[in-house]
Structure formats: structure tokens, C-alpha cells
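**Q** The lines below spell out each chain.
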Amino acid sequence: MSLIFKLASRNLLQDRLRFVATVIGIVFSIVLVTIQMGLFLSFERMVTTMIDHAPADLWIVPLGTKCFEDPSLLDEDDRGRALSVAGVTEAIPVVIGFTAWAVPGGGTTPVFIVGSNANVAGLHPWNFVAGDLDALSTPDAVAIDRTYFARLGVTGIGDSTEIRDQRAQVVAVTSGIRSFTTTPYVFTSLGRAQAYMGTSPDRVSYFLVHVAAGTDIASARKGLLASLSKVEVLTPAEFRTRSRAFWLFGTGAGAALFAGALLGTIVGTVIVAQTLYSSTKDHLNEFATLRAIGSSSLYIHKVIICQALLSAVIGFSLAAAIGLLVVELTEQTALPIVMTPALTACLFLLTVLMCIASAMSAIVQVIRIDPAQVFKQ
Amino acid sequence: MTELVIEAIDVVKFLGAGASRVQALKGVSLSLAGGGLTLLMGPSGSGKTTLLSVLGCMLTPTQGTIRVLGRCTTGARSGELAKLRRDHVGFVFQSYHLFPTLSAVDNVRLALDVRGEPADRALARATDVLATVGLAHKAHAFPRELSGGEQQRVAIARAIVGDASAILADEPTGALDSENGHAVMTILAKIAQDPSRGVLVVTHDPRILPFATRVIHMEDGRIRSEE
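Each protein sequence line maps, in turn, to chains A and B. Under this note's numbering, the residues of the first sequence are numbered 210 to 586, in order. Under this note's numbering, the residues of the second sequence are numbered 14 to 240, in order.
Only some residues are given here: those of chain A computed to face chain B with a beta carbon under 7 Å: (1) 502; (2) 503; (3) 508.
Keeping only pairs whose Cα atoms sit at most 25 Å apart, straight-line, the calculated PhoX-like set for lysine-lysine is: (4) 511(A) / 215(A); (5) 96(B) / 585(A); (6) 585(A) / 39(B).
Keep in mind that the hints were calculated from the coordinates and are not lab data. Even glycine gets a Cβ: it sits at the ideal position worked out from N, Cα and C.
Modelling step: build the complete structure from the supplied sequences, incorporating the hints.
**A** Here it is in C-alpha cells:
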């Protein structure tokens, strides 16, 4: 075993209580950052769920649309103009919006309607656990997610209710289509969606544009912009970015999550710095001896950094285990915490950087040691 | 033939600052040659330890010159002074200054580890040197498991393991009973028989006078006499 490692590990473990305090500090900090960043990732994914599941080469959206949930509307007539553009093969209308669902037991609850005809490549539900897409072609048909059964007051296929005083019958059930707004999604046909929301039949929210194979997307977009007015034409990636930017930063939700993560990092750094500083202070005599016998500054820095890294590895391992448990526990909740390999790697890097930054105060202290002080003790 | 290992020429050293500034050394010249054990004696505050620190390149003189194996240390940076210490000077302290979390052999190995010696070679060498101070059987004992005399012998092993040319000892018997003190001085005297090594011992202890080949008396920052 390397002597530097031996010295570092034994310095660290000599005072068990302090070592436990260091590890708790790191674990607290990293678990907090994990939760904040896991929520951020989860939020980021959920915000774009509908865009991710819409088979479109381009989106025609009302001018100034900030996110997928934006209530602005387009003219149905724009569809014909879009179809006249070279290379455009489909412009499938989609209607979205909030409305009220009459809970069979009494009262109403808000729902988010997604309307698109089942016989075209529109925005349809996925992850069916009962019923299928074809069932949505039947009159008054709706599909909902089983997560929201209790909220909507239904138990499965065949149950019926009213949306804006119009009949709706559950014909299909999905699993895992959750909304970050916690408002249940209700999928239905285009016409029923317009009726449920009281929207004029000649108004739609978006057109999902499909282009012919080999068509240059940029040219198609140029053509669409030239043919249509008061619209924007976005690629799915651009629409995702815009939706994320709005929900994560426009609303301050993302900033709050980042602030929490930053706070966690600061708290962790301060705790680790304090304990490393105090550990170094307790071993000052030994560091002075090291300097007296001619050890280079680098050697001493290595001992302190090694202490910091050991704390980081142990603290991170525990924090990661707790993080995975939290991921498991929140998997079925409205806002599950997401852990990805990239996030795990970033958190490990953050832990290491945090511990190395914390070691600086200890290193500065050791640099100031006068080696001749060994003669005074 | 003996060689000059450390040389101090007209060394002046001020310590402290402002009102508490004192002149600890007032023009001291001293040569430490290989093959001898020099005792540096004198009352408390006479400048013995300051001189030891300056000779050991832990403190730089305010004025004057220090030469280690002929190399002048004037203007040397702290990193260069540290290199001189680890390559050429071995220290023995009154309170041993062993690392409590390391075994005896690791404490000795440390002096080689800071020089970047490969671990296996350093371990073998440290084990050999521990044997020469009579502690082969205590190689894996921790300082708390050793007597004061044994701890000081480990400290001596640490000082000599790197083949230092100068061994500077500050009151090495100060914390020991006469039997252990005698044992420690016997080892230091044996080391001093090597013509390439000079041993300088700061002491108040008159019992160790018989081990000396030379005795220097200091008083008030100056060398008063030499026998």
C-alpha cells in the first residue's frame, strides 16, 4: 500500500466521529444535489413527452408559441396551404388544451385534452394496457392513463363521464403517460377535442408536418413560412428546446432546482472543508515533521488530497446508494427522480471537485507551517 | 579521510519581528566534519536550537553563509532547502515526532518515500536499518506500543535510512532514563564513526559527554568555547 494512501486513510480514520461527520456532510450534499438534478432531468423529459411522441418532421405552431401547452390556435385553412408546399406530404392537425372533466362521484377536475384523429400519423397515446388506438375512432371515445383513475373517478374501460357537458367514454387505458402539471392527459379524436374545449371546428393548435423522403427539411420549412402567415415552423428539436426553456427557465422552476443543487454543493463543500481543516490542524505536528525531514510540498499536498478523495469516494458511494433508493421510491410518482449514467458521472466529478476544493484550506494551513517548530515540541 | 558536511560562516539570525525581535545568533562559525560526534551545549536561550535549525536548512540565516557538502544555501528557495534536508540531513528530535498511525518500519520508510524511493526497496532498506538499531522484532509495532527509548531508536533509524551526511539531534536523551539515554547515545556514537557522517547533538545532559569527540559551548548567541 502506498505510504501516502496509508497516511491519508489513517489520518482520516483516526478520529472516527469526525470521519462520520465528513461522510454525512458529503452524503447530505450529494443526495440533495442528486434529488435536485434528478428532478430537473425528470422535469426536462416530462415537459417534452408529447413532442417526443409526435411523429413529425416539422411542427407548424402559432406565432409566439412558448411551449407545447400554449393555448394559441391556428386556422384549419392553413393545412391546405401547407400541403401545397413542395415536399410536404401531410399536415396533420392536433388540438390541445385544458378543460373540465366531470368526476362521476361529483365535482369536476381539470384535464388536458390531446386531440388527433386515429386514422392518421398524429399525436396518439402510447403504452396501452387496455383497449387500442382504433377504439378512439368510436364516438365519444377517450383514452386516459391508469395513474389518474382515482382523480378522474373511473375504474377502467367502459366507464363514462362528461367533459364540458358532453359525453365521454373510456375506451383505452395507458400506463405511465403522466403530466408534469399533474393535470391528467385525455386523448381523443380531433373533433371531440374541439367540442370538449369549445373550440371552433376551424381552429387547431398545431399541424404535424410530414415531408416526402429525400426532401430537404430546411427547404420545406422555408416554403411553409413563405406560404403561411402568423405561424412559426419548428423542428421537433427546436420545439423541445423552446418548451424546456419556457418551463425550466421562463417559470423559474429550473432556476429553483439549480439553486437547490448549488446550495447542496456549497453546504457539502463547507462541511468537508471544515472537517479536513480540523483534521489537518490535529495532525499539524506530523505535517511539520514531514516538512522537517525534507518532504516536498507536493508530497504533503498529495496526502491531504488523498484524504479528500477518500472522503469523496466513500461519501459518494453512500450518496449514490441513497440516490438509487430515492429513484426507486419515486418511480411511480407524478414527478419521478431520474438518474442517468451521465448524471451519476457528473455527480461523482462534482463530489471529487467539492472535496478537492475543500482541501485547499487545509493545504494553505500546511504551507504556512514552519518546519523548525518541531524543535519547539 | 573525513569530509566537511556542514559549515556555518559568521551566521547571524534574528527571530521574531517588531518589539519581540531578538538576535538569536550573533556571528557563529562552525564546521561539522564526518567521523565525529559533536556536542553543542549551553544554557537555555543560548541559541543552540536556532543554530541547529539553521545548520539543518530549516531556517535561513539573516546574515552569513551555510554550506552543505560544499554547496552554499544562500538564496535557495524553500523547495531547494527541503531537497537538501531530505538528501543530506537526518533529524532526531527530543519528542521523537514519530507518526502515531504508522508502524515503526513505515515511520522509517517515510524518509525514503518522501525522496521518491520505490516502495519495495524502501521497505527492505527500512527493515535493515531498524535491525541495526536493534528493533527488527518491533518493525510492525506502532509508536504507542514502544518505550521511549525504542521510539527514539526508530527516530534515529529514520534519520539515517537515507544515508544522510549530517545527523542533527536535538536533546535526543532529554525524555529518556539513563539506561535508554545511554543506548541511544551508543547508537549515535557508532553512526559518527562513519567518516562520511557528522553527528551534532544539542544537549544539556552531562552524562553523554563521554560519547563526544568534540564539545562546543554556546552562550548568548555566540560560541564561547570548544573542547
